[in-house]
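Now for the letters of each chain:
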Amino acid sequence: MKGVIFTEFMEMVEQKFSVDVAEEIISAANLESNGEYTSLGTYSHEEVLNLVTLLSEKSGLEAGDLALAFGEYLFGRFATIHADFFHGVSSGFDFIEKVEDYIHIEVQKLYPDANPPKLTCTREADDKMALHYRSHRPFASVAEGLIKGCAAHFNENLTIDRQDLPGVGPGTEARFLMERKS
Amino acid sequence: MDAEAWKKRYQREKSARKAAERIAEEKTREIFFRNQELTKLAASLEEAVKERTRELEKQNFSLEEHRDKLKNQQRMLQSTNQALEEKAIELEKISRYKSEFLANVSHELRTPLNSTIILAKLILDNSEGNLSADDLYSMSVIYNNSNELLEIIEDILDMSQVQAGELSIHMEDVSIHELCQGLEEQFRPLADEKSLAFTIDVDTDLGEWINTDRKRLKQILKNLLSNACKFTPEKGRVALRIFRDVWNPDTDYTSECLSFAVSDSGIGIPVDKQQTIFQMFKQVDGSTSRQYGGTGLGLAICRKLSDLMDARLTLVSEKDQGATFTLSLPPGSLLPDAADHNPSSMNNDFFLNTVEPDSDEVFEFNQQTVLVVDDDLRNSFALSQLLQKHGLKVLLSENGRQALELMETERHIDLVVLDLMMPTMDGFTMLEKLRSEVEYRMLPVVVVTASASAEDEKRCRLAGADDYLSKPVEAPELLSCLHRWL
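These protein sequence lines map, in sequence, to chains A and B. Here the first sequence stands for residues 1 to 182, numbered as in the UniProt record's numbering. Here the second sequence stands for residues 1 to 486, numbered as in the UniProt record's numbering.
Extracted from the complex, chain B is given alone in its bound form (with noise of 0.2 Å):
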């Protein structure tokens, strides 16, 4: 190859050299570009890794902050909660101490009243006949006196009781017909007195019985009709209606039920004051109190007794225009018109004294011995006076010890009317003693105390107890229950 051929590939190996190079130093800053990218992006997402770190500490801390004021209202709930339960637990105790006081001062008001409705009864029987039409008409006064404020001391106690959740409800068959007969021997007189139309009317299509509980059911038509009869003037108009009735009307489901409605041409109740007159101590204003008398406890306890009965108590009223109370019993009350069924089953065991007597029934003794077993001398001596009237003997002792001891002498003892609440020793311990002697097994024994609950009567009646009549007991009461044992 000559020096021109030689110098030709020599430009040519240069040239290719030069390309080489440039190619390279293009390569060389694409790699530094992408380079620098590269760092650029780790850089940021360095700075997002940062700025998320950030973030998220941020959240934390947040969130132990959200924690920490849970946790705050977390405890001063627990706190509120404790504080309340130990309120709640007062309340308890409070309420069970006035329950308790309510029902102590309801026995020490009815023990006195006791005497007092006997003796003024045995007094204005004036079988001696020689007292004035003044004295009659004073202790005619003192009679009644003392049945209403006995009614008052009743009703205060059941509000109590109602109150304490303590009432129950005891249901049984009920004749119509004798309820009615009950209403009209108690009403009629009163409403006599006042010149008032008063009528009982029974649907013809409805049966003898019904199911429910007589003591409320009474109770409440008896508030209802005194009611009635207080707030109408004279020469108005009273009436009981009993009939069938649509029990829900306000649903699709209806079903038949029984009412009671209670209708006065009285002086109404203004609508506004429809609710309130069955709270508690609400009349309809504080001048019915002073023209009428009255606690304000009558419809409370009313609404509340028709309630615990599942019954609905509703009123429709004008002022002066008179008004209708209704208790409508439940559909359950109804019962299908059987003729089997037993009269007696209304005697029920537990609720002896819840029988009318019949008033006029003239009972006379046989000289037989009653023990009367009463520590409060005022009652012993009421009872003796009545008792010896109608041809009883009678022997009394102030505790149960006293009474035991009497009986280890005196062996010719027909009957014990015996008290509860007593020193030394209290009627139940001397039931009980009594009961554990094969000799008394057989004695008849009736209990008559102040202490009205159905809770006492039943362990009296555990603790064999004959008979249970709660004072104040009425003359004819005592009298008819007597003549059965003896």
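Just chain A, with the same shape it has in the complex (with noise of 0.2 Å):
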């Protein structure tokens, strides 16, 4: 999994807990990696779920919650990061539609080895739309959170009706319904 993730988690514990809990669960943690985190390395997913379990049981939130609201932050801080992303983006619903033939291939322009989710949106009104998850990881719940931010970024106002799929374990794959209500 791409450092990003394990970048802006770590900062997000930082930022929303503390410097301290950071170090607390990376220490907890026993990484393979030593918590050395860089954007551009390439790390075991299972070193987030395991911090994130960790952060679950210092904080006493639900791990999903908690992967929920990761995605949230992480939204916000590809929007700051990557805001060419944004141009010429007026909806969620573009912007969604974009991730997978946009986002995801210009990320395997600097990361060949990158092994992104695999996203299909089906539009199924001007207001309505469809989103399939599928990934070789649990994260489900990031992505949900992702959404959410991504509503928040464009200031809608989104009901997102998620249903889980089997894939290869819980978490890997999911339908994401969603409304925009105006």
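Mixed in with the good hints there might be a few duds.
List time: in silico DSS-like cross-link candidates among lysine-lysine, alpha-carbon distance up to 25 Å [unchecked claim]: (1) K128(A) / K118(A); (2) K69(B) / K58(B); (3) K2(A) / K27(B); (4) K319(B) / K194(B); (5) K16(A) / K14(B); (6) K109(A) / K18(B); (7) K2(A) / K14(B); (8) K7(B) / K16(A); (9) K98(A) / K118(A); (10) K109(A) / K27(B); (11) K40(B) / K16(A); (12) K222(B) / K273(B); (13) K40(B) / K109(A); (14) K7(B) / K58(A); (15) K87(B) / K71(B).
Which chain B residues stay away from chain A? Per the calculated CB distances, all over 12 Å, these [claimed, not checked]: (16) E108; (17) L149; (18) D245.
Hints in this document: simulated from the structure, not taken from any laboratory. The beta carbon of each residue, even a glycine, is placed where N, CA and C say it ideally should be.
Starting from two chains that each stand alone, build the complex the way the hints lay out.
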């Protein structure tokens, strides 16, 4: 998994919790990488799951909620780091539609070994869209958080109906039915 | 360092890391695009190479096609060339056959003509005075027609020799005076007959001698004069003028040459026919031949002979205004008039028969014995009649072998008149055998033959002939020749 997920996660822990909490979960996780993350590297997604679990234990918050919150946070960060992705994009649905065929391709330009999730969008109406998420990693919650972050970015009131699908394990496949309320 | 300071330092390190990460990502992106460009470039290069290869293949193919086409053309050219060569060989063969045929025909025609002319002349002489005027007139017609026929045969033979490239030119010194005398003698009677004013003018600034082919020059002038007489109506005018002329008036370089202008006041030649009359078998039009006769060979031969002599034959004429044919001999023909010129030099070894016999001379012999060897009995008869009439004893043999046999018993032979083409033993063989015997080494032998080529004459002389006459022989010519050797 791309290093940016790890650096942003640690960033969020430092911001939302504290530097100390961040140090604690890294020490406790006993990571192969020792938590020496850079956005350029690639690390096992087990490590981030491990860290989320430890944070959940530490904070008493649900791991799923944490993942969702991280997704939301991550989208905000992307909007900051990669402002160029947002040029000429006026709605959340437009942006989500661009992820598979534009952003993931841009990612692969930089990191040919990256293995992003497979996203399929179906626009059912102007204000309705279905997004099918499938990955070998159990990050459906992060995805949901990202969708929320996206709606927030575009200042949209979006209802998200998440249907979990079996995939290769819990959280690896889901269908999101989204409806934009005016 | 307190916690606050550590925190600041941590934030600084983190910012530095992020900056490094950003730079790295930018570089990576740049590398990606560079890479993409390179890939594109490689692909376009590859495509260009492929395109170039395709083009080269195409060019190669078209070159091969072109080469094949050229090869084909070359093959075709080769076969055409071969066909042409074969055709040329065939044509050469045909041409040779034609020449041989004409030479043979000419020989076959001359032989009977020879006896006809001699006998006609003998009868015309009317030595016994018992012939009527009608008989004599008939005989003169036979005599004249035979001579005319002979001229036609000679024209045809000349033409075939010219065409076969067998005719050569023999340059010698010729006396203008003698030339004019010969022409005067020949054409004066003809002119008188038609009441033509006939003149021969030689410009006074000319020397006596010129260098040219005597026989051919005479042949051309005779032809031109004979035409002039033929095509000029009675009481007209025919003139031959010999004068210094300008050789090549069309160029800057000029020199003097010798011109013979034959002019007449005859029917003339229309301008549009002036080139065609120099072609073989061409006359002014079909009616010319009907009205005036002739084969249409004369002028063609004149032109060919003139070319062979490097001379120039030109014509100025208008219809009904007469014509002037001018033969210009090249500058080399004019000789400085040298006093030490030896007239006998004209009696060239090979061309004794060109000497004009003095027709006025009367040849009387003293009962010397002449052996006539000829397979043609008409000829033998004619010859023996002529010779006996002039006081010679005549013995006859039909071929070389018979003659040699006869000579074993008949020792008193003073001269041999020898034909060449005979069965059993021909004249050449007989000559060789004769000359191989001491007894006959000095015996005069005069060859009289219908084979008219210069080559034959040379062969005869090499085989040992003392003199050579070609048939038909004029009686005075033969008698003059025999007189020299007896």
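Now the hints, each set against the structure:
1. K128(A) / K118(A): 20 Å, holds
2. K69(B) / K58(B): The given pair, whose Cα atoms are some 16 Å apart, holds under the 25 Å limit.
3. K2(A) / K27(B): Since the Cα atoms of K2(A) and K27(B) sit roughly 17 Å apart, the hinted pair holds (cutoff 25 Å).
4. K319(B) / K194(B): 21 Å, holds
5. K16(A) / K14(B): Holds: K16(A) and K14(B) sit about 17 Å apart, inside 25 Å.
6. K109(A) / K18(B): 19 Å, holds
7. K2(A) / K14(B): The given pair, whose Cα atoms are some 18 Å apart, holds under the 25 Å limit.
8. K7(B) / K16(A): Within the cut-off at roughly 16 Å; holds.
9. K98(A) / K118(A): 13 Å, holds
10. K109(A) / K27(B): 12 Å, holds
11. K40(B) / K16(A): 47 Å, violated
12. K222(B) / K273(B): Holds, at roughly 22 Å.
13. K40(B) / K109(A): Distance of about 15 Å is within 25 Å: holds.
14. K7(B) / K58(A): Distance of about 22 Å is within 25 Å: holds.
15. K87(B) / K71(B): This hinted pair holds, its Cα atoms lying about 24 Å apart.
16. E108: Holds, because the least Cβ-Cβ distance between E108(B) and chain A comes to about 112 Å, which exceeds 12 Å.
17. L149: 116 Å, holds
18. D245: Check passes; 105 Å lies beyond 12 Å.
Checked against the numbered hints listed earlier, the structure breaks hint 11 alone; every other hint is satisfied.
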